[in-house]
Amino acid sequence: MTTTAVENTDTLTGLAARAVGVAKAYGTGATAVVALDDISVDIRRGRFTAIMGPSGSGKSTLMHALAGLDTVDSGEVWIGETRLTTLSDKGLADLRRNRVGFVFQQFNLLPTLSAEENITLPLAIAKRTADQAWFDLVVDAVGLADRLTHRPSELSGGQQQRVACARALLPKPDVIFADEPTGNLDSRSGAEILRFLRRSVDEFNQTIVMVTHDATAAAYADRVVFLQDGKLVHDLVEPDADEVLDTMKTLSEGDS
Amino acid sequence: MLKAALKGLLARKLRLTLAGFAVVLGVMAVSAAMITTTTIGSGFDSIFASTGANTDVSVSGKSDVDSGMGGRAFAPPVPASVVADLEDVPGAKSVRGEVSVDGARPVGPDGKVISVQGPPRSGVAWHGETGLVRLWSGRGPTAPDEVAINGGLADRGQFTVGEKIDVLTLAPRQSFTIVGIYGYSNGRGSMGGDTQVAFTEPVAQKLMLGASDVYSSVTVTAERGVSRSALRDRVAAALGDGYTVRTGDELAASTAEDGKAFLDIVRMVLLGFSGLSLLVGIFLILNTFSILVAQRTGELALMAALGARRKQIVGSVLVEAAIVGAAASVVGIGLGLGVSVLLTMVMEANSGASLPVGLTVPVPELVLAFVLGVVVTLVAALVPAVRASRVPPVRAMRASAAEQRSLTRITWLGAVPAALGVAAVVVSLADIGSLRWVALAGGVVLGLFGLALLTPVLSRSLLPALGRVVGWSMPSKLGNRNAARNPRRTAITVSTLVITLGLVGGVSVIAESMRADLSASATRDLGADLVISGDGVAGRAGGQGGGPPTAADGRIMPTFDASVVDQARAVPGVSRAVAQYVDTVRFEWGASPAAAADLSQLSAVLNLSARTPAPGSVALDSATLSDHGLKVGDMVRLATQRAGWQEFRIAGGYEANYLLRGPVFNPSDVASLFVSAAPAIGYVQLADGADAATVTRAVSRLVADNPEVSVQDRTQLADDAAGQISIAETMLYVLLGLSVVIGILGIINTMALSIVERTRELGLLRAVGMRRSHMVRMVVTESVVMSLFGAVLGLAAGGAAGVAVVRVLGLSATEIPWVSLAVFLGLAVVAGLLAALAPSTRAARVNVLSAIAYE
Ligand SMILES: Nc1ncnc2c1ncn2[C@@H]1O[C@H](COP(=O)(O)OP(=O)(O)O)[C@@H](O)[C@H]1O
Ligand SMILES: [Mg+2]
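If you read the protein sequences in the order shown, they are chains A and G.
Just so you know, the first sequence maps onto residues 1 to 256 in full-length UniProt numbering.
Just so you know, the second sequence maps onto residues 1 to 855 in full-length UniProt numbering.
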């Protein structure tokens, strides 16, 4: 059915990020793998968007493209009013530092820095300092006030992910990208992270894009887009976990 | 297991290459030392083998004054009567007196003395085309003002038959006509690079031996059927104890040995460098394998979990090490061959020795060098290998970040020897007699040992401070944290720099203090305004050069005509002029500088008070008197170069100073006791109000024809003396510069390995917005902070040891050369920058995606 998911209820200025006809393949010739196949997607400001799909469907590739971590073969990628596809390496680095936040599945933190230093790292690189009230608010929201001087090796996996979330949120980026942020956590710690992300969107008006293959996690989002074989195959708005699961099922049945 | 090890090796080519590089350098230096010295040595042997062919037995005077410093000692001449005595020895066919002595210094066309490094500049008596000698052109000398010269000298000075040549000998400069040029029966114009001037026999005796009717040696040929050794024993029996009697073969061997003496220095330098490289190689390999093993913790734990036994795991690491060691040694030997070719060429060009071409390759030594390279590598890999085998299987599940081991134990292990070492050094500063040096040496060794073990814990406290100096920005901060991350690794990485800069720091403090001390003593002890002497002679007359007083080349003492001093005395504006004769003597307890002078006059210019001893007696410095329980009026036995062992009455004492030490004879004894009857030093004092420049010019004119001698004022003399130290210091720095290169290699190695280890972190940093330039700055900071740390530690420890040495030496001043130390620190920063070049580029190129990718 439809391969585009442009919500026409909003103008372009309400978009935090967008991909237009993005395609990417790995390798050449017979062994080429098409990771992204002409994908267009809009990410609206202040919304929590989840990207779902089976393993190998291109979720991470899409996220990397949107975040300026990877190049694309064709199409355009925008963060706000900035077109990434023409930026230099230095421009991309500055963009990542100031306008994009990241939470990866694991290895999010520098072992030589304390939790506090990790949180303020992007600001420190940019030689900026955080507003103290905002810093306190963020730290309080992730519940790390008493762990700030600890090194990552002294923190649990869940705490480490919360530090990563705080780091992503602190510079108030245009978008936070999270690639399976709960993938390595037990369900309780995972739920804490997801509640925090949800709260960032609701209270701080933060835009978040989260890659996941977990229906429960996806249910925290305002909108879920589904990928399959590098194509955008479905778009759900404000779904609950059952709806997501059903869609997943339908898609994999349609696949077989 | 072997297959797994080989696969591992290929995967880590680059890193292992870096580690193997130090082994390559070490083996290269060892094999170059062996090949070069063997090649040149066998060249000399083959040249000199022919010299023994025409001599069955050689008789020469036995030197009683062996300075113990090597080189050719002056042998007392053999009286002509010995020739007659030997004619009666049964089996002797012919007996001939020879004159052949080092010390005929020809003046070249540029007006300077022709100097050769190593081989002698002989003056000989002409005996016609006998034995080895073959005339190439002209004829032999027949008149006192005629000479023949060898082809080597003719080449160097571009001399032809019919030209004039000036020669300096025991007598002042004299002019001769060249009537012939000769070579040797082996077709060469020079024996291993020597120069020869052949005079008529009486002239040779006068100029080279300082007397008539004497020879430097007597050659005996054997009758048919009499063996050389039998004849030697008979000759020895006939002459008694006072002579050295050798067969022609023994003579040839010892001449070749003399010719090869300089090879020992070459060998020592190369082997010293090699030792340093291999030592550092051990550290590098230890570090590399430690890091490689740490990276492979998971893999090794898996092997252990799958049932591999400890021995097998140790074995697999050691097999890797053996292969690296073998490869590095082979490359090192190959490079050593190349270096030898170059070195041999350079040395031949310098000495004009024209050795037989081709390399002599000493196979057993090279096998040894190979084994050495492999063993060093294996030893260095042993610790990480054993550690690898102890990895518990559960570790396989954990992240591979290098684990932090507690520093408590190593700190205690280091604190004890460090404290003992410091205590010993402090004790050595107190006046405890000859034990001071033992305490100092022991203290320094213990202190170094302690320092090595304390380096990790010191890195914890020092690195943050240094980091703050280097930079405040976030990338700098990260680099600084990385440097402090693994204290043990940092300690090993900087160890070469610590050792090198420790030596540099110590040497610079000692040298600076010695220079200050020398200048102070020279100015304090010298009352004269001008000094006439050969290059460096005055500076060594008091034995301060470490050995007996000789000219700068260590063999020939430049002298000048005694009349120069008398003429100087007559120059208007001169109030006093004194001549000092210089030589070396031997007491029963060892060698000592000796002088002869009108001591009452000399005292006035050297700020002493002493009276001139009567002929046949000596004045001795009070230190020698008290050290050996002597007093004025006693008899003392000593050997002079010309007269051998004799007893002298001690006529008086004086306080030794910088310019005068040891026995002082009456000037009238010089001709019979000293090698040279001409003065080596002249002191000139100006009258009040005399114009120094005018007088200096007038005195300089007096020695204008003597290219070896010059006139210096007091400051020049002090600088000259200090200059000797600077030369030695510079040579040492050049050698140490090489080890800094290896130190840089060590840092590159560690940095490169760390960067591979931290790929994920680097990717993360790029993801959160570090620019490439930030990455470079981070890595550069890490490298610079580490090298600064090593330099600060080394310079501080070395400087402190240097100060202790200066105090124990009892120098008058302790000078810390702050400027030089700052320069060395600056060089350490440069070294750090250089070391960061490749690793920082690599860090900047880290691909974000592959770095953050997880299975
Ligand atoms: N670096 C790469 N080289 C080659 N193929 C890749 C690379 N990265 C991803 N792919 C392929 O691209 C497709 C999409 O991968 P990815 O975006 O990681 O999927 P997901 O995150 O949905 O599991 C997969 O088929 C994967 O094998
Ligand atoms: Mg993925």
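Hints are supplied without guarantee of correctness; some may be wrong.
Unchecked claim - Just a few of them, taken from the derived set where beta-carbon distance is under 10 angstroms, the chain A residues facing chain G:
1) D70
2) D73
3) S74
4) T86
5) L87
6) D89
7) R96
8) R97
9) L123
10) A126
11) A168
12) P171
13) K172
14) V233
Unchecked claim - Restraint-style ranges between C-beta atoms, simulated for each label pair:
15) R468/G with L137/A: 52 to 60 angstroms
16) G275/G with G157/A: 44 to 52 angstroms
17) R188/A with A822/G: 40 to 48 angstroms
18) V829/G with D146/A: 53 to 61 angstroms
Just so you know, these hints were derived from the structure itself, not from any lab.
No residue lacks a Cβ here, since even glycine has one placed at the ideal position from N, Cα and C.
Cross-check of the supplied hints:
1. D70: This hint holds: D70/A lies near chain G, its Cβ roughly 6 angstroms from the closest one there, short of 10 angstroms.
2. D73: Given a least distance of 15 angstroms, the restraint on D73/A is violated.
3. S74: This interface hint is violated because 19 angstroms lies over the 10 angstroms limit.
4. T86: Hint on T86/A: violated, closest Cβ of chain G at ~18 angstroms, above 10 angstroms.
5. L87: violated (12 angstroms)
6. D89: Holds, because the Cβ-Cβ distance from D89/A to chain G comes to roughly 6 angstroms (cut-off 10 angstroms).
7. R96: Holds, because the Cβ-Cβ distance from R96/A to chain G comes to roughly 4 angstroms (cut-off 10 angstroms).
8. R97: Status holds, d = 2 angstroms.
9. L123: Hint holds; L123/A Cβ to chain G Cβ min 9 angstroms, cut 10 angstroms.
10. A126: holds (7 angstroms)
11. A168: Check passed: Cβ of A168/A comes within 9 angstroms of chain G, closer than 10 angstroms.
12. P171: Where the cut-off is 10 angstroms and the nearest Cβ of chain G is about 9 angstroms from P171/A, the hint holds.
13. K172: Hint violated; K172/A Cβ to chain G Cβ min 14 angstroms, cut 10 angstroms.
14. V233: violated (25 angstroms)
15. R468/G with L137/A: 52 to 60 angstroms: violated (31 angstroms)
16. G275/G with G157/A: 44 to 52 angstroms: With Cβ atoms ~51 angstroms apart, the hint holds.
17. R188/A with A822/G: 40 to 48 angstroms: violated (59 angstroms)
18. V829/G with D146/A: 53 to 61 angstroms: With a Cβ separation near 41 angstroms, V829/G and D146/A fall outside 53 to 61 angstroms, so the hint is violated.
When the structure is compared with the earlier hints, violations turn up for hints 2, 3, 4, 5, 13, 14, 15, 17 and 18 and for no others.
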